[in-house]
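Participant: Sequence:
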Amino acid sequence: MLMPTTSFHAHSHYRLIIFDHDGTIVDTVKDIGTAANFALKNFGFHELALEKFVHFIGWGMRETVRKAMPVNLQNEHHKDLIDQLYKQMHDYYNLHPYHHSLAYEKIPELLKTLQDKNLALAIYSNKDEVILKTLAAHFFPSIYFAEVIGIKCTTSPKKPDPAPILTLANSLGISDPQEILLVGDSNVDLETASNSGCDLAYVTWGYGKLSDEQLDNASIRCFKITNVPELELLLQ
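Here numbering that gives the first Met the number 0 is used: the first residue of the sequence shown is 0, the next is one more, and so on.
Just to be clear, a hint being listed does not mean it is correct.
Said to hold, decoys possible - No farther apart than 30 Å at their CA atoms in a straight line, the calculated lysine-lysine pairs in the DSS-like style are these:
| id | residue 1 | residue 2 |
| --- | --- | --- |
| 1 | K29 | K116 |
| 2 | K40 | K29 |
| 3 | K40 | K208 |
| 4 | K151 | K78 |
| 5 | K40 | K78 |
Since the hints were made in silico from the structure, they are not lab data.
All chains should be modelled from the sequences, with the hints used to inform the complete structure.
Facilitator: Printed below as a string of structure tokens:
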């Protein structure tokens, strides 16, 4: 259900705030696109304009490079080729994770404010966990995250799997999902929040585009956030 802006001040009960990464707290598309283009070029495929990669982000790096490949090669009959491109993209991105990336304006200050209020903070992303932790340490060096959750291996749970959220909440003594807020920018975040039973703060400055109808039809409470001060208001 899409909640009205006038209700923002009434939801100060959250104890755990979980952030998506790409398109939510850090603008990473140029570095992700550059890494994917490196792999595409090495295999003789056309490189794509970097802005096109906003449509391919959210479901993991392998999915990003798969969607950037020629359409006739995107199915799993070409699994070995996809895996090879993914490895090249991953290796390049691991070496150049933040050359062109930037934390969104006012996000570092917001995180500091929330930390000072003793709220538990975490990141849950479908990025490689080693790279994710490198980025978190680079952009938010003074912020303590209860957990930075990414992909460790091929069998790791990934969004929209709610297990990492619920496991973290349990470790913090939080049993009520209504005390958890997931902040994200895409459909996979909506699915993750729905599966977890927690509220969603959908930020409009990111890469995904969710309609008011999608948010209103959700089984959970959804807040449409157009700027960082609105998010801060929700968390007062």
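Participant: Hints first: check each against the structure and report whether it holds.
Facilitator: Results of checking the hints against the structure:
1. Restraint check for K29 and K116: the C-alpha separation of about 33 Å exceeds 30 Å, so the hint is violated.
2. For a cut-off of 30 Å, the pair hint linking K40 to K29 stands: about 16 Å separates their Cα positions.
3. With a CA separation close to 29 Å, the supplied pair K40 and K208 stays within the 30 Å bound.
4. At roughly 20 Å between alpha-carbon atoms, K151 and K78 fall within 30 Å of each other, so this suggested pair holds.
5. Between the alpha carbons of K40 and K78 the distance comes to roughly 18 Å, so the proposed pair stays at or under 30 Å and holds.
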